[in-house]
Each structure stands twice: as C-alpha cells, then as structure tokens.
Amino acid sequence: MSDEANKGLLSPLRRKLLMGMAAVPAITMLPRASFAQAPATSAVNTTGLAVTDTEVTVGILHSATGTMAISETGSIQAEKLAIEQINAAGGVLGRKIKFIQEDGASDWPTFAEKAKKLLVNDKVAAIMGCWTSASRKAVLPVVEQYNGMLYYPTFYEGLEQSKNVIYTGQEATQQILAGLNWIAKEKGAKSFFFIGSDYIWPRTSNKIARKHVENVLKGKVVGEEYYPLGNTQFNSVINKIKLTKPDVIFTDVVGGSNVAFYKQLKAAGIDLSKQALLTISVTEDEIDGIGGENIAGAYACMKYFQSLDNANNKAFVSAFKKMWGEKTVIGDVTQAAYLGPWLWKLTVEKAGSFDVDKIAAASPGVEFKGAPEGYVRIHENHHLWSKTRVGRAKLDGQFELIFETADLVEPDPFPKGYQ
Amino acid sequence: MINSRFFNRSELMGFIALAAVLFVILPLTLDVFRLNLVAKYLTYAFVALGLVLCWGYGGILSLGQGVFFGLGGYCMAMFLKLEASSVENTKIQSTPGIPDFMDWNQITSLPLFWQPFHSLTFTILAIILVPGLFALIIGTAMFKRRVGGTYFAIITQAVAAILTILIVGQQGYTGGINGMTDLRTLKGWDIRPDHAKIILYFVEVVLLFACIGIAQFIRLTKLGRILVAMREQEDRVRFSGYSVANFKIFAFCMAAVFAAIGGAMFALNVGFMSPSFVGIVPSIEMVIYTAVGGRMSIFGAIWGAILVNFAKTSLSESFPQLWLFGLGALFIAVVLAFPNGLSGLWADYVQPRIDWLFASRKPKSDWKDNSVADGAPAE
Chain R
3 MSDEANKGLL
13 SPLRRKLLMG
23 MAAVPAITML
33 PRASFAQAPA
43 TSAVNTTGLA
53 VTDTEVTVGI
63 LHSATGTMAI
73 SETGSIQAEK
83 LAIEQINAAG
93 GVLGRKIKFI
103 QEDGASDWPT
113 FAEKAKKLLV
123 NDKVAAIMGC
133 WTSASRKAVL
143 PVVEQYNGML
153 YYPTFYEGLE
163 QSKNVIYTGQ
173 EATQQILAGL
183 NWIAKEKGAK
193 SFFFIGSDYI
203 WPRTSNKIAR
213 KHVENVLKGK
223 VVGEEYYPLG
233 NTQFNSVINK
243 IKLTKPDVIF
253 TDVVGGSNVA
263 FYKQLKAAGI
273 DLSKQALLTI
283 SVTEDEIDGI
293 GGENIAGAYA
303 CMKYFQSLDN
313 ANNKAFVSAF
323 KKMWGEKTVI
333 GDVTQAAYLG
343 PWLWKLTVEK
353 AGSFDVDKIA
363 AASPGVEFKG
373 APEGYVRIHE
383 NHHLWSKTRV
393 GRAKLDGQFE
403 LIFETADLVE
413 PDPFPKGYQ
Chain E
959 MINSRFFNRS
969 ELMGFIALAA
979 VLFVILPLTL
989 DVFRLNLVAK
999 YLTYAFVALG
1009 LVLCWGYGGI
1019 LSLGQGVFFG
1029 LGGYCMAMFL
1039 KLEASSVENT
1049 KIQSTPGIPD
1059 FMDWNQITSL
1069 PLFWQPFHSL
1079 TFTILAIILV
1089 PGLFALIIGT
1099 AMFKRRVGGT
1109 YFAIITQAVA
1119 AILTILIVGQ
1129 QGYTGGINGM
1139 TDLRTLKGWD
1149 IRPDHAKIIL
1159 YFVEVVLLFA
1169 CIGIAQFIRL
1179 TKLGRILVAM
1189 REQEDRVRFS
1199 GYSVANFKIF
1209 AFCMAAVFAA
1219 IGGAMFALNV
1229 GFMSPSFVGI
1239 VPSIEMVIYT
1249 AVGGRMSIFG
1259 AIWGAILVNF
1269 AKTSLSESFP
1279 QLWLFGLGAL
1289 FIAVVLAFPN
1299 GLSGLWADYV
1309 QPRIDWLFAS
1319 RKPKSDWKDN
1329 SVADGAPAE
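Order-wise, the sequence lines are chains R and E.
Heads up: the first sequence runs through residues 3 to 421, numbered per our numbering.
Heads up: the second sequence runs through residues 959 to 1337, numbered per our numbering.
Please keep in mind that the hints were generated in silico from the structure rather than gathered at the bench.
Among the hints, erroneous ones may be present.
Stated by the list, open to error - The list that follows gives simulated cross-link-like pairs (lysine-lysine, DSS-like), each with its CA atoms no further than 27 Å apart:
#1 R:189 x R:276
#2 R:125 x E:1155
#3 R:247 x R:192
#4 R:165 x R:187
#5 R:100 x R:396
#6 R:209 x E:1049
#7 R:125 x E:998
#8 E:1270 x R:165
#9 R:418 x E:1049
#10 E:1155 x R:213
#11 R:418 x R:220
#12 R:396 x R:189
#13 R:242 x R:222
#14 R:371 x R:352
#15 E:1270 x R:100
#16 R:125 x E:1049
To be verified - With the C-beta cut set under 8 Å, the calculated list includes, among others, these residues of chain R facing chain E:
#17 66
#18 67
#19 139
#20 201
#21 202
#22 416
Unchecked claim - Rough simulated footprint, nothing fancy, chain R against chain E, three-plus residues with beta-carbon under 8 Å:
#23 1056-1066
#24 1129-1135
Note that this is a predicted model, so its numbers are computed, not measured.
Glycine included, each C-beta is placed from N, C-alpha and C at the ideal position.
Put together the whole structure using the sequences plus the hints.
Shown next as structure tokens:
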C-alpha cells in the first residue's frame, strides 16, 4: 500500500467525523440500502466458500470447556453479539451471517483440528477465534495451508504477521511502551520489578519492557521473576519486592494465578495506593475473580475499559448486557473480539468479495468507526492502529480512565531495537 | 498349552473385520479430513495395544503412558521441526536456522542434544530406544523392589506430571506449553497435502498391524502365559522359580515402545506435538480407551481407541458446551454395565450366536478363549 496518509495518524477531518459520529450511537446498526440488491454469489465467491444467495457461514472457535473457558466465554459472547447486530443491519453483501461454533476445549491440538474442520469441511468464509498464543500458534499453520481468514482478539507478544490473520488485539509494543512512558513521567519511576507467568507472552513482553526501561527511560530493572501457569505461591517474590523497593511493580501474571498474587500482596501489607503497580494482564474479567478490594489502586495498561465514556461504547455495553445479562463484565479482549466480525464485514464490502485473497489484500486501511474503543484501522501488517490507555482499578471492579495516548499507536510486531 | 494356530476363529474374525475397515471401508468412504482424524485416533490404538499387554495380561496398571507417547512424539517432532527451521524459512529471526521458539527465548545456537536429530536414522532409533530405556529404568527401579499395584500406578502418574512440568518449564529447548508447531516436511517430502495424509494413514495402519502381530505373538508364547499367571497369582509364579520382575519390566517396556510409535505417528499425522499429550489427564484417557474397548482383548482395545475418539469428535462438534458430560456418561455406562468393555459385550452376547451359526454346520467349536472369559478383578 502506497497510501501514506492512511498510515499517518488521525487527520483533523477524520477526528471531526468521529465527533459527529458520537452523536449517532447506533449508526452502525442502521439498515443498509444495499441489502435489496445483493450481488450474485458466483461473483463474490470464486473459491467455493460456504456462501449462498442468502447466507454466509463463519466459524467461531474458542474454548467453551476447560481452563480457558472462563476467559474465552466473553469473546464468544462478543462475536455472537456482533454477528447478530450485523444481521439486524442487513448482513454482509446482502447475506445473513450464519455461524458454526466449535470448541477448542483449552487444548491446542484440538484447536488445530477444529480449525481444519471449519475450513475443509464447512468451508467457512472466516474464523473468529483463538485466545492464547499457544492456540494461535497451533491454528496458524492450518489457516495458512488452507488459505482461511482468522480474526484473533487477544493482546499478544508480536513477532508474527500473516496474510491469513487479522490481529484485533494489541501487539506487545502497543500495549507496553506508552504505559511505561506514562508511569515514568507521572510517577518519576526509575526502578521496575517484573513478575510474569512462564510462557512466551510474558517473557517477550518483559524483554520489550526491559529494553525500553533501560535504553529509553534510562531506568533500572531490579528484578525479573517467572512462575508456572496456575502458580499460587507468590510469597518469596513479594519478599523480594519488599527488599528491593521498586518504584513500579510491572506484572504480566495470567489467569487464576492473579487471584493468589493480589491477595498475597495485600496480606503482605503492600498498599497499592502507595506502591505503583502496572499490569498488562488484568482486565475487568480477571477482577471478577480477584475481587475489587484486593486490586483497587493498581494501574492497568489496555486499549479498552468497560467504563470508557463514548457513545459507541455506551451502546455496546448496553447491547452486551441486554444479550448476556446485567452481571457480565467486558474486558479488553472481549471488545477486541467484538471488532472481528465487524472488521470482516467492512473488509468484505470494501473488497466486494468473500474470497480470502481479496479480503487479505483489502484489509489494510479498513476502518471501523463504530468500535467501542473509539476508532480502529487495519495496518498493512494486519494489526490494528489503536490507542493505548491506562486505567486505575476501583473497588467496584471497574477501571477509571487515567490516561490515553493522544493519537493512535502504530502496531509494530517486529520492533527494531527491542529484539 | 500353546494354541497351534496364530489366531483362533474369533480372533481371526476380529482381524479380518479390522483389516477390512481400516484398509478398505474407511479409505473408500471418508474424505481426507476425516481419514486424517482416524489416523489420529489410531495413534492412540498403539497405546491401547501396549496397555492390553501390560495391564490386561500383565496386571500392571500404568497411568503414565502419555510419557512414552510424548517421548516418541517429541523425538519425531524434533526431527521435523529442525527440517522446518531451515535458514531460508527462518530468516526473519534474530538467529536464522534454529527453531522459532528458541529464537523467542533468546537462545542463539542449537543446543547439543538437538544436534543428532538432524539424522532420520538416529530419530527412528531414538523413537524406539529413548522411551524403551526410560521404561527400563523406571521398571527396574520399581519392580526389582517389588513395588506394584496402586503404588506403581501413582508413581507412573507422578512421572507424567514431572515430564510435563519439565517440558513446559524448559520452553527454550522444548517449545514449552505451545509445543512444537508448524511441522512441514519429512526428508523434503511435504507431509501436509492430502495425498501425503493418505500415504501416512496407510503407513500407520501397516505399522499397527505389525504391532498387533507382535502383541499376539507375545500372548501366545509361554511368556504370555506367565504374564497372565503373574497377574492372577504373583507369588506362586515367583515360587515356581520365575523372575517376576524381569517379566514385568519386559511387558512395561513393550507397552512403552508401542506408545512411542503411536506418538511418532501422531507428530507425523497431525503436524504437531505438545505437552498436552504427556500429562496425567491424557494418560488416564488412554487407560479409559483400553477399558472401554476391553483390556483383555487386543482388537477390543483398538476399537475402544477408535470409537471413544470418534465419540469425542462428533459429540464436541454437535454440542460444543455439553460434550464432556456426554463423554463422561458414556464411560460410566460402559464401565458399570460391561466391566470387560466392548469386547466383553461381544464375547457374551454376539459371539455365542455366531458360534451357534457355525456350530450347526461344524460341531467342534474352539472359540472359547480363556483369557477373555476369566474376568480378572480390575486393579
């Protein structure tokens, strides 16, 4: 793509457009005029996908069972909501979206098998799915071999780029750098203590964070510790934190371990209103398990919080709660999962075709103005331009928005100088 | 008395039925995707076959067969991963020419223990020998000290847990929880396209029948008789002058080697290996396949592996949220109602009728296999 303006940050005109948009929250749900004259199937589907004159089939592939079900359920719900809204607005190229849901069962090879089933047997036009890096790594060779399209919602470690994947979450630099800059400036932080779960995402994220702290912020990393997934004993690292007294605790502990970590932190007398803690792994979903009183005061670096105050988000949150119940909470990844079907629809309409090759080629530059996070655009590298935000956890389990980048942050999955 | 024929009539029928289904019916009726799934199910049939020898006949319940399945699979996967990590395939990495997960973990050169896996001959030997030797060490340590029964089962389970933690923890060397993904070619031959899947399927079925032959041979020799005797009355066998420990070690090692062959075929067919096949849960699942099929019967166990996995796939496709309950109910029903599994059901209800049909023409019947009928208590 040669279009430099498209690569640049938000133009003033676009910002105005966006503000105009805010007045019309349900703009994306308005019925499309094009619904009446749907293009012929033979013209929009030259590769034998499951597209008929009235329907198009997509796959939803997440863990509905197993240890990851608790995290992935939100993504399933968000994708179903988006599909329902798109159908209510007239579908895609005049066709209703039908979905086939498969269970990855928190088991990476099962993900690969089900992805293959969706592509080979069901000929789905796109797959909304995967959550952990491990499941994506298992599915990636399959979507590449059978030329499918995967919309992947989770913030992840980067170091990957594929024609067949659109990454609707943040890659590591988008999530980390702005947050570190902010906390260094705001708190005058110079010393950092890293704690993570022991797998590829935390290790890569911490590697990037360490380079940034040492080379850009001229600070010091006073400790870096990893614990196996599911670990519940953090007393030794909490003692080390007490000894080294870092300005900032930087954590990417994932899943159930968080519950133990924050409870033990509190029990050890570390008061998060005085000790700065920046996490890149705790969303509203995790706080549900941790308990607001255990984590209140901590900072989280994300691109989306349920409490974001804009018209898109208000419409999204109320539609989500209407569909899935008042008590559900919406975390960063759930929002990113919601983007998947919408971005796919917009790309199909831009390409005028369901063909995967055409969608892959048309993806860069596709923008979604109805995104709950505000506005997103697909980059040449198939990641999203989006803002980085810092929120502070409150007692009620929600985040209060403290800081957001003025402009969209460019995705950079292979960051130079951070490898 | 050793049966003069390699298969008695019921076994011969089982053999013919299995061969017909695997060699003719399935390849003709299924598309490549489903056939590849069957190939995946059959990798577990190797494990089930080993469990028939070691658990059904030898009475040694191992809850750690995933360890050997995993070792075999990882040996194969290491070879395939090295081939997939050629310098031109990995030129975006900081260090090209090493597997991608090593690069992510800041390892800059290929570790020493990976080096020999450049050779296919070494890999094939390793697939057999590494799990075999590992089983020999565990078996010697346990059985020479007369550790058996429940204690042995618990220890094998602990070994499975330890190996999983080791693989997950050493992610720079093993790929960690992600496993080894994106395996592409075997000596330059692409294992991913449809025609390769079909060839791999037939290779696997041939190997399976070879293993069935070996297992049947062991069963019919004196060795097989001693295994059964040991299961029933270990002390008596010992007092008769046999070294019980050596026989147990042998059965355990055979089961390990069969499992390892299954694991290696898994890596080839699925293009993937991960610690989720090594741990406690998959190991117990493998025992369940055998129990459902019938732990006393070679063919029963193989059918168990195929049918349970088939049920797993089809239930999870139809009921993504509820399938685990359905599968659980199936296990409970089978084990409660037919303690000898599907093969017991066959022997009790179907076989007599078939025999009756034959007997009406030919009075002399030799179907009754003492090992199916004896119904030893579950250990």
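Against the structure, the hints:
Proximity of residue 189 of chain R to residue 276 of chain R is assessed by CA-CA distance (about 11 Å); at most 27 Å being required, the pair is judged to hold. Of the supplied pair hints, the one linking residue 125 of chain R and residue 1155 of chain E holds, its CA atoms being roughly 19 Å apart against a limit of 27 Å. Proposed proximity of residue 247 of chain R and residue 192 of chain R is supported: the alpha carbons are some 11 Å apart, at most 27 Å. Between residue 165 of chain R and residue 187 of chain R, the direct Cα distance comes to roughly 38 Å. Violation of the 27 Å bound is thereby established for this hinted pair.
Only pairs whose Cα atoms come within 27 Å are accepted, and residue 100 of chain R paired with residue 396 of chain R is rejected, the gap being roughly 39 Å. The suggested pairing of residue 209 of chain R with residue 1049 of chain E holds, with an alpha-carbon distance near 21 Å, which does not exceed 27 Å. Restraint check: the Cα-Cα separation between residue 125 of chain R and residue 998 of chain E comes to about 22 Å, which is no more than 27 Å; the hinted pair holds. The straight-line distance between the Cα atoms of residue 1270 of chain E and residue 165 of chain R is roughly 32 Å, outside the 27 Å bound, and the hint therefore fails.
Among the hinted pairs, residue 418 of chain R with residue 1049 of chain E is consistent with the structure: their alpha-carbon atoms are about 15 Å apart, no more than 27 Å. For the given pair, residue 1155 of chain E sits about 45 Å from residue 213 of chain R by alpha-carbon distance, which is inconsistent with the 27 Å threshold. Among the hinted pairs, residue 418 of chain R with residue 220 of chain R is consistent with the structure: their alpha-carbon atoms are about 18 Å apart, no more than 27 Å. Straight-line distance between C-alpha atoms of residue 396 of chain R and residue 189 of chain R comes to about 19 Å, which keeps the hinted pair within the 27 Å bound.
With a C-alpha separation of about 16 Å, the suggested pairing of residue 242 of chain R with residue 222 of chain R holds against the 27 Å cut-off. Restraint check for residue 371 of chain R and residue 352 of chain R: satisfied, since their Cα atoms lie roughly 15 Å apart, inside the 27 Å limit. For the proposed pair residue 1270 of chain E and residue 100 of chain R, the alpha carbon gap of about 24 Å is at most 27 Å, so the pair holds. Simply put, residue 125 of chain R and residue 1049 of chain E have alpha-carbon atoms about 32 Å apart, too far for the 27 Å limit, and the pair is violated.
Using the Cβ-Cβ criterion of 8 Å, the hint placing residue 66 of chain R at the interface with chain E is satisfied: the shortest such distance is roughly 5 Å. Among the interface hints, the one on residue 67 of chain R holds; its C-beta lies about 5 Å from the nearest C-beta in chain E, closer than the 8 Å criterion. This hint holds: residue 139 of chain R has a C-beta 5 Å from the nearest C-beta of chain E, less than the 8 Å allowed. The interface hint given for residue 201 of chain R holds, since its Cβ lies 5 Å from the closest Cβ of chain E, which is under the 8 Å cut-off.
For residue 202 of chain R, the suggested interface contact is upheld, since its CB lies about 6 Å from the closest CB of chain E, less than 8 Å. The beta carbon of residue 416 of chain R is positioned within 8 Å of a beta carbon in chain E (closest approach about 7 Å), and the interface hint is therefore held. Only residues whose C-beta sits within less than 8 Å of a C-beta in chain R count toward coverage, and the region 1056-1066 of chain E has 4 of them, enough to reach three; the restraint holds. As drawn, the region 1129-1135 of chain E meets chain R at 3 residues by the rule of a beta-carbon pair under 8 Å; at three or more, the given contact holds.
Violated hints for the displayed structure, listed by number in ascending order: 4, 5, 8, 10 and 16.
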